[in-house]
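K.L.:
These protein sequences, in sequence, are chains A and B.
Those letters in the first sequence? Residues 562 to 1106, per the working numbering, in order.
Those letters in the second sequence? Residues 198 to 564, per the working numbering, in order.
Simulated from the structure, these hints should not be mistaken for laboratory data.
There's no promise every hint is true.
Said to hold, decoys possible - Straight-line Cα separation of at most 27 Å, BS3-like style, residue types lysine-lysine; simulated pairs: (1) K972/A - K459/B; (2) K610/A - K892/A; (3) K764/A - K782/A; (4) K537/B - K980/A; (5) K972/A - K537/B; (6) K980/A - K962/A; (7) K782/A - K962/A; (8) K434/B - K892/A; (9) K910/A - K962/A; (10) K537/B - K905/A; (11) K706/A - K764/A; (12) K782/A - K720/A; (13) K550/B - K980/A; (14) K637/A - K550/B; (15) K637/A - K610/A; (16) K637/A - K648/A; (17) K962/A - K972/A; (18) K892/A - K905/A; (19) K537/B - K550/B; (20) K434/B - K910/A; (21) K962/A - K434/B.
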Amino acid sequence: MNHGVGINDKETQGSRSTDLFRAPEVRLTGITRSFGPMIANDSIDLHLKPASIHALVGENGAGKSTLMRILFGLLKPDSGQIQIDGKPVVIESPAHALAHGIGMIHQHFMLVQPMTVLENIALGSDSHTGLSAIPRRALTAELRKLFADYQFELDPEEKVENLSVGGQQRVEISRLLFRGARLLICDEPTAVLAPPEVDAFFKILTRFRDEGRTVVFITHKLAEVLAIADEVTVLRHGRVIGNADRSSLSKGQLVEWIMGDTSETPADDKSPDAESTAKPTRQNQTEDVILSVDSLSAVDSNGRLALDALSLQLRAGEIIGIAGVAGNGQKELSEVISGRRGFKSGTLKILDHLYRPGDSMRHSNRPALIPEDRSHEGLISDFSLWENLLLSHAAELQFIKPWWFSHRQVKQWAMPVLKQFRVEPPNPQHVSGALSGGNQQKVLCAREMTIGRRILIACQPTRGIDIASTEFLHQMLRDYAISGGGVILISADLDEILSLSDRVGTIYRGRLGQLKPTGELDLATIGRSMVGLTESDPVTSDNGQ
Amino acid sequence: MPRWRVVAVQIMPLLLSLVVAITLACVIALLLGVSPLTLGRIISERFSSYTWGQVLFQTTFLTFTGLAVAMAFSVGLFNIGAEGQAVVGSFACALVGIIGSPLPGWLLLPLSILAAFVGGAIWGFIPGWLRARFGTHEVINTIMLNFIALAGINFLMTRYFALPETVRTAKVGASLSRLSDFVPGLHGSAANLSLVLALLAVVAAHFFLHHTPLGFSMRAVGRGRRQAECARISSGKRLIIAFAIAGGIAGLVGTNFVLGYKHYYEDGFSGGIGFLGIAVALIARNEPLAIFPAAFLFGFLSQAGLVVNTHLPREVVDLLTGVLLLVFIATDRFRLRYLKNVRISAVLSSFAKQRARLSVGEKEGSS
């Protein structure tokens, strides 16, 4: 089963025959899969035509990932059939799927960080298992050709941990190409990319289609679906709600399929200009500075400079958006301001407390924080909702005495909080791990936005959640500012930044650009500065680092 | 999901592992030419109220050490050092009991109990602090501290404290009454009032972990340290507190042995109760309230081993304990998976109820 290498040999000789990469025709019929009592896929039919980009759309928990994991052999369906080129098959494992030319790029990359690009690609591929050494030289040459051919701008000898997210994604793609994948499943591939990287990624996808490959593209973002898909399938509650060619599909129809009704236009769908004009001007924005960061520098966990003489001032009633590609110091910025990481130089002033390097932050002074990783930094998955809410609140609640608190009272307190944040179902007894992502995020926001802190650091507050929850949380963030709080919004979603923020700055390699009022900005300018280009620089397709 | 089924699933792994262990015991007995029926008869005949008293005596030890393991696990750390903590606590208890002999009993008794707790707590504090301050792994720390405690106290005993020609100290000036003073049937058994202390410790640990803000935050650190830190709960302090309390509870073993039983400290008395405490905590799933029954089970097993000693080698009991634990751990995974499904279905069913309510058209409903 040494097909990967063979294909690449021919590929790099420049033969562009579509038959070479022609994806199999895949037909899923009546796929049903349940997890315990929950039916994730309910008799789903899906037809994946060769040489097309097929967008699979739906809110969180609609069953997209489950369906694709079945196709990739990670899960077995309870019932239903998969046909490849007309022949029924049972896909036992990912290796088996790959043998059929089906590959998957997961939302969280499956790369060994300290290993090189070459080692990651060689890892687990059929030709290089066992005890034999990796034929480095031959592989390097092959990979160089592959990277050059697709303009991936990767170095086989570079360690994966030194690559940008976009670079890592290209390693994942290369790995699949190398193993001969002709049907590529991409699970929310654009969630982590900056706009120029998204453009470059879309070019790759188009190229794949032109080569005859099939791309299954799982996404939340309508704009992306409309921009690139040939065919769209919408799932809701584990069922296929709609399927159509892009050409015959209107935006309104798509929104209706996803949302169930069109009474509300989802945020993702508005153009940023419309957003900024539509945004209500907040009256209570004052000159009252509640957070002041002054030429602050800090290092990351590896001792590398992560924040470089960064300054910003947050006023009460204001939302400051920090745009940037992940890994440019956002994490460290949120950690320093929230008192979880020390800093090397500069000062940090929170309300009336001034901190210098080495000072530890007073507990009562630490800002509210919505961490970016909901499941590993936000909620404790086997704690109940009331326990998760209590995490931040134990010191504030009147009925909690140092020597005793009653569970009943905490639950009584938790219920209205959950209702206020529209957590469904608002039952404090439920274990948070059993809720959907959107509901978990609402619990997390509820916890941090109700502690009564004046400063809130919101990191990726709506990443990977459904449109309705996103809309709701955006409103809650606006309300937070209206009621006199200040918000630092760190997000990779530019639409989100532009629609919520009063002022926006981009962070690139630990430096924060000048904060500008949202009205004076447009997507292109921000996109450029996110990858370190000034306004005079031309927009290149991508920069690898 | 009916509640009784959840309860059934909770105890299923234990029942299953008991069945496997007992079956294995019967097989071994048959191989050794002893009828399992004979063994059963011996156990039922020879289990007098004295024997039950001995079971309670053993249970007291295991409750303390099991609780010590569970307490450290509340912050997600493994306490392999209950043995050392118990030894240090007991030694401290005896020292205070000896030095304070001139004091009146009503004063010396609480002082000795306190000494047992503080001695163990100091021995527990060390690995907690090392973990919080330097990040060194608590399993290594506690194992090493076991050696240090056993060797160090052995040295102190032979050099300074042991009576000539013995491995024990002088008598202490305070004591806890035997249970046989209240229940004559237990006459001769070593069970004493520290059993009450053990039960109090169990209840106190339960309330501490579940009903105080500090205990709650410790559990939070145990279940998700990063989450807790993001919620402004610093973990380091809590790791240290948990380990100190754990050590203190293990130290209370001294009340059972020194104050309740021998009235002196004797080298080598611990004989693995700290390690058996790990098994107790495991079976009890680190829930304080379950520690006592789990300790009782192991107390019973070891006593049963003594009783059938004439027919079966004593090692068989150790062997069965091991098998029991292995089966328990293996089957416990299924319980967790089942409970996860139960939790998801709880969410789904309350969704369904809500939808039903909406369709009926009711306005407000409390779930």
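K.L.:
Does each hint hold? Answer for all of them.
P.N.:
Verification of the hints:
| no. | hint | verdict |
| --- | --- | --- |
| 1 | K972/A - K459/B | violated, 49 Å |
| 2 | K610/A - K892/A | violated, 41 Å |
| 3 | K764/A - K782/A | holds, 17 Å |
| 4 | K537/B - K980/A | holds, 24 Å |
| 5 | K972/A - K537/B | holds, 21 Å |
| 6 | K980/A - K962/A | holds, 25 Å |
| 7 | K782/A - K962/A | violated, 47 Å |
| 8 | K434/B - K892/A | holds, 24 Å |
| 9 | K910/A - K962/A | violated, 31 Å |
| 10 | K537/B - K905/A | violated, 45 Å |
| 11 | K706/A - K764/A | holds, 18 Å |
| 12 | K782/A - K720/A | violated, 31 Å |
| 13 | K550/B - K980/A | holds, 16 Å |
| 14 | K637/A - K550/B | violated, 30 Å |
| 15 | K637/A - K610/A | holds, 22 Å |
| 16 | K637/A - K648/A | holds, 18 Å |
| 17 | K962/A - K972/A | holds, 16 Å |
| 18 | K892/A - K905/A | holds, 16 Å |
| 19 | K537/B - K550/B | holds, 20 Å |
| 20 | K434/B - K910/A | holds, 26 Å |
| 21 | K962/A - K434/B | holds, 20 Å |
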